[in-house]
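Chain by chain, the residues run as shown.
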Amino acid sequence: MKALFGQLLLGLINGSFYALLSLGLSIIFGLLNVINFAHGALYMLGAFAAYVGLVQLGIGYWPALVLSPLVVGVLGLLIEVLLLRRLYGLDPLYGLLLTFGLTLVLEGAFQQLFGVSGNPYPMPAQLSGGADVRFMFLPWYRGWAVVVSLLVCFASWWVIERTRLGSYLRAGTENPRLLQAFGVNVPLMFTLTYAYGVALAAFAGVMAAPIYQVSPSMGSNLIMVVFAVVVIGGMGSIAGSIITGVGLGLVEGMTKYFYPEFASTVVFIIMAIVLLVRPAGLFGRER
Amino acid sequence: MKAAPWVERLGYAILVVAGLVAPFVVYPVFAMNVLCFALFASAFNLLLGYTGLLSFGHAAYLGAAGYVTGYACKAWGWPPLFGIALGTLVATALGYIIGSLAIRRSGIYFAMITMSFAQLIFFLAVQFPWTGGEDGLQGVPRGTLFGLVDLSRNLPLYYFVYAVFLFGFAVIHRTIHSPFGHVLRSIRENEARALSLGYDVARYKLLAFVLSAALSGLAGATKSLVFQLASLTDVHWHMSGQVVLMTLLGGMGTVLGPSVGALLVVALQNELASLGSWVPVITGAIFVVCVLAFRRGIVGEVQALVKRSF
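Here the protein sequences line up with chains P and F, keeping their order. Counted from 1, the first sequence has number 223 at position 223 by the numbering used here; the numbering is strictly sequential. Counted from 1, the second sequence has number 226 at position 226 by the numbering used here; the numbering is strictly sequential.
Just so you know, the hints here were simulated from the structure itself, not pulled from any lab data. These numbers come from a predicted model, not from an experiment. Some hints could be false.
Just a sample of chain P residues kept apart from chain F, beta carbon distances all over 12 Å, derived [said to hold, decoys possible]: (1) Met-1; (2) Leu-4; (3) Pro-63; (4) Tyr-168; (5) Tyr-212.
Here are some chain F residues pointing at chain P (derived, C-beta under 7 Å) [to be verified]: (6) Arg-105; (7) Leu-120; (8) Phe-287.
C-beta atoms are modelled at their ideal positions from N, C-alpha and C, and glycine is treated no differently.
Okay, chain P solo, but in the shape it has when bound (with noise of 0.2 Å):
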């Protein structure tokens, strides 16, 4: 029984990962239409972020969390301006085939530096340990990390879709030119929307590092499963991917415990099914 929670709630920390992840994956395909293969590389920056700043610079967690995204964001904000800028209005594959280039150029860096296995980061001092409730016991942290990814992905939520910058960004997916014409600054919206998307996958690998090891393929790894996840959810709704990130996260850390076998595959095979039945997508419309 034990064993079982442990596993839903490491279900649960990857599934809100996972809506980190496909929640940034949205925004930045709904108003740049560009889908993102770079973003797995950058969670893995974002982790690597905070790892070099506690050995380098004794930067610690607290800090790491807010400046790692913020780094991250940055560089992001460069790619937008430097590279995709050039290939808006061509047909959205040569984003892909951009991205997924600096995918291999970022991963193949880090894993010159750094080497291929994984390096631990320790976990912050205030949220180790934990507490055993009656039917498991709870790690401090893992609590803390799906409380937290929970919040950061319902206050996206909240701004998208409550706020008048929301509104912006929600214009800005159904017709760009409109709302140019209306006099906001398109450009300045799509940069930032990248930017913030790809803080958000670095805001996950920050707390992802004290979870999982801190390695340069750490990315790759889960950026298929997203795909897939985008995919079962469809793009269509901010809701609907965090609820498809979380759930699937549950059915993985279920399958982890009854048919371990399967664990690495169901996501895709769930994908499979979603494909014959409702081909656009749990929450999708076809665009």
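Given the coordinates of chain P, assemble chain F onto it according to the supplied hints.
Same frame as chain P, but now just chain F:
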């Protein structure tokens, strides 16, 4: 973007002659590697260049066929031709299953779906007991062709691989220039119009997908005999990206482009092999440059140049 026919013919002539003398000029195993990748990239180009579908999971067909052929030849002692046939058949079946699911979505989703399914195949290759996990299938016997020609020597094997390549290339060439190929191009240019003209677009896409998967499988099956190895490298997503790069660099939607791209990328990796992890960095940088500044690829640029000058 169609070049004058004599340019194309000249290109083929050079290709055929170069293929015949290649093993005397360069190391035969290198030449065979180039041929396998040239076939793989050409098969991929059928989908990306002529149908406008970006599959980001073509490693699945290359790798799966390699494993099946390797296993059939090693564990069951099958002769090479039968082994290759079985590997190709499995890749074809896989292409049918994944293709019929993937064509339910288009554009960017299509790429993500094919990529995800390729990752599924990768995980299966890691987990199945018969694939040898991290070690892969090693020591696959090359066998003898028709019980007569000993393929364990490099030179006879080279000409066998060359024959396989020419066969695959001829199939692709024939497909592109058939009425079927023209329908594929019309789907690439304007899917809605092709549909409204009464073509069953989904069936054409699926057929192109299956054909492309089958020929990729043929390339993978042959490759596993050449290197006597089927390993996780061939099903990894890096491989799926690599074939996109070859096609893009050489020129997508051109007949010879993918082969040129394959030659360049394989040669580059051979030269840089000692640099370790810098190889993907350099590959990735070429990718970025190609996408930003060089989208027609080498053969595409040459064709445009020839068209302008004559």
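Hints versus structure:
no.: 1; hint: Met-1; verdict: holds, 27 Å
no.: 2; hint: Leu-4; verdict: holds, 22 Å
no.: 3; hint: Pro-63; verdict: holds, 30 Å
no.: 4; hint: Tyr-168; verdict: holds, 24 Å
no.: 5; hint: Tyr-212; verdict: holds, 18 Å
no.: 6; hint: Arg-105; verdict: holds, 6 Å
no.: 7; hint: Leu-120; verdict: holds, 4 Å
no.: 8; hint: Phe-287; verdict: holds, 3 Å
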